[in-house]
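> Residue numbers (my numbering), protein chains in the order written: chain A, 1 to 199; chain B, 1 to 478.
Be aware that one or more of the hints could be misleading.
Cut-off 20 angstroms, straight-line C-alpha distance, at most; resulting in silico cross-link-like pairs (SDA-like, lysine to any residue) [to be verified]:
| id | chain 1 | residue 1 | chain 2 | residue 2 |
| --- | --- | --- | --- | --- |
| 1 | B | 373 | B | 363 |
| 2 | B | 261 | A | 198 |
| 3 | B | 261 | A | 190 |
| 4 | B | 331 | A | 16 |
| 5 | A | 28 | B | 363 |
| 6 | B | 261 | A | 188 |
| 7 | B | 325 | A | 95 |
| 8 | B | 174 | A | 114 |
Bear in mind the hints are in silico, worked out from the structure with no lab data behind them.
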Amino acid sequence: MDAISRVSGRAIAFGAKNVDTDIIIPAKWLKTITREGLGEGAFETIRADPDNIFDAPENAGAPILIAGDNFGCGSSREHAAWAMLDLGIKAVLAPSYSDIFSGNAVKNGILPIVLPQSAIDRLMEVAKAGEPIDIDLDTQTVTTPFQDRFTFDIDPFRKHCLLGGLDEVALTLDSQEIIGQFESRRASAQGWLTAGTHV
Amino acid sequence: MANTAPRTLYAKIWDDHVVETRGDGTAIVYIDRHLVHEVTSPQAFEGLRSAGRSVRRPELTLAVPDHNLPTTARTDANGARIPIADPQSAAQLAALERNAPEFGIRYIDATAAEQGIVHVVGPEQGFSLPGTTIVCGDSHTACHGGLGALAFGIGTSEVEHVLATQTLLLQRSKAMEVRVTDALGPGVTAKDLILHIIGEIGAAGGTGYVIEYRGQVFEEMSVEERLTVCNMSIEAGARAGLIAPDETVFRYLKNRPMAPKGTDWDAAVRYWKTLHSDDGAVFDKSVEIDASTIAPTVTWGTSPEDVVPISGAVPAPEDFADPSKQAAAAKSLDYMGLTPGTAMTDVAIENVFIGSCTNSRIEDLRSAAKVLKGRVKADNVRWAIVVPGSGLVKMQAEEEGLDQIFTAAGFEWREPGCSACLGMNPDKVPAGERCASTSNRNFVGRQGPGARTHLVSPAMAAAAAVTGRLADVRTLDQ
Ligand code: SF4
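Isolated chain A (complex conformation) (with noise of 0.2 angstroms):
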């Protein structure tokens, strides 16, 4: 994962609420063994109309979403982070996110930043006249040309990981010894936990 400190360009102001992974990657995409090219996939059903905003011209590469409350929610796919990757979004902006799809983001060095709907509804008009925005994962604050600055919470944790790309695979196998610790702990309390599982 790439490490992720600053996003600025512009914003794509989509809006919608309750937007479903079966929304951002349609299930027939999911029959990939990798995680590229799923781009072409991302909001098909969206994009099958010609005058769809993702594929407006004044849009090309734009590196933010604008999106709103539960964007995300249902399906657990991963293949919603990776095609939004593949799509070239760095970051989504909205009031509320399912949490599976804001971990599955993260992992994937993608920012899923949280603003209240008013900080919200005033990016989509900044994002609507054409103008970037810019956000500061570091400072955690989301500027615009006009001045505006709003600052948003992020899990110091997810903040840490996505500034330093990180794999948490890695960070978890520095811990190895405490994980073993534990398990011989329960095996010995409750055996019955892993009883039928060696049949």
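Following the hints, put chain B with the ligand in place on chain A, whose structure we already have.
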């Protein structure tokens, strides 16, 4: 002694699985059971391979294909395997078949009697147990909460994380109580109850929470009904949903192939009996619902929160206070091809799907068969299929003669799998057509591009099949 303050069921299971808590509140949480299927795992195994990592506890993972297996015959007259026509589906299947043995993971073959939808297989095999943490790269993993487990869906990177470390890095969720008072009326099922609950909480209402379903209604439910309820917790946005385990659960699990036996069983039950929310335990949010007011419930739109009693009508966008919901409703109605004010019982359907991890267990099939017995599907119903949740469910149903009832009613009797729950395998609802479906998602395109889904219970799906429209099963029974 630590932890003397009253705790919720969720807190108890959480506390018992925290390996280490970091300064920022992130915890390394131990995972007891991991289910793997063909769609969300190939990239995880590939990640392990490219990093030269192995699986920490292979015996705690169980792999079974379900999502893109065709539900037509899997072997020919000579018992030879029929290849999967779609090359991409075949490649995913082949990848799981190769990855499981390579990493030492138990694999249930597509042609085995034990094969089925992961969330049907886990409880059925006794692999899923109360008080355990269970994960799967599939959001309906919440299903296993019906046994009193903390079960939730994860993404592929997390699948890789669990394989490599048998843990996940998690933030503790908030606890929500959904307390249901009174009892469900006749003809009103667990599916109607959970659809109603989602309508009350909203599709995002449970975000950040783990829901505990409480009240006598749940205590009186069979395990299969509890699995149906917990299965759809994710449709209310919740990470997981669970019900305190009790004698009903213990009876269900006893002697299942992978459940503990003998003294291990006794020790397990002793522990499981401690798993309930203590009196005075504090929930971050409580919702109360009166079961007696619930009618058989159907969806009208493209979010599982878009529910209405079968006696109701298609709503108009103006019926909603929130302007963004109004816009969403207008779009949904357009997609669904529905006119506000239309009685739900006037909505004609062309397809019926009975199946999915929500409603494909033996009790679901019995309940649909009871309605279908001696009846046939209406002429306008073009396609009706029943897809048992596992090979074992299928065998049981055949032993009871349910397959005969279904086929006599004009249904196709299929091999187990996810089928028309999601448009990934050959079972799809054609664009513009309507389906009464016992699955869990009515999203745009979920059952195939342009398909229009109405979520219902198995009995209501059967009622829709025989009337050719959405129908109140209670009027049929009489
Ligand atoms: S039946 Fe549907 S919801 Fe359940 S695991 Fe399969 S695809 Fe997912």
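> All the hints need checking, so say for each whether the structure fits it.
To see whether the hints hold, each was checked on the structure:
1. Only pairs whose Cα atoms come within 20 angstroms are accepted, and residue 373/B paired with residue 363/B is accepted, the gap being roughly 15 angstroms.
2. Taken as a hint, the residue 261/B and residue 198/A pair is honoured in the structure, with Cα atoms around 12 angstroms apart against an allowance of 20 angstroms.
3. Between residue 261/B and residue 190/A, the direct Cα distance comes to roughly 13 angstroms. Compliance with the 20 angstroms bound is thereby established for this hinted pair.
4. Restraint check: the Cα-Cα separation between residue 331/B and residue 16/A comes to about 11 angstroms, which is no more than 20 angstroms; the hinted pair holds.
5. About 31 angstroms separates the Cα atoms of residue 28/A and residue 363/B, which puts this hinted pair outside 20 angstroms; it is violated.
6. With a CA separation close to 16 angstroms, the supplied pair residue 261/B and residue 188/A stays within the 20 angstroms bound.
7. With a C-alpha separation of about 15 angstroms, the suggested pair residue 325/B and residue 95/A falls inside the 20 angstroms cut-off, and the hint holds.
8. For the hint pairing residue 174/B with residue 114/A, the CA-to-CA distance comes to about 18 angstroms; that is within 20 angstroms, so the pair holds.
In this structure, the one hint that does not hold is number 5.
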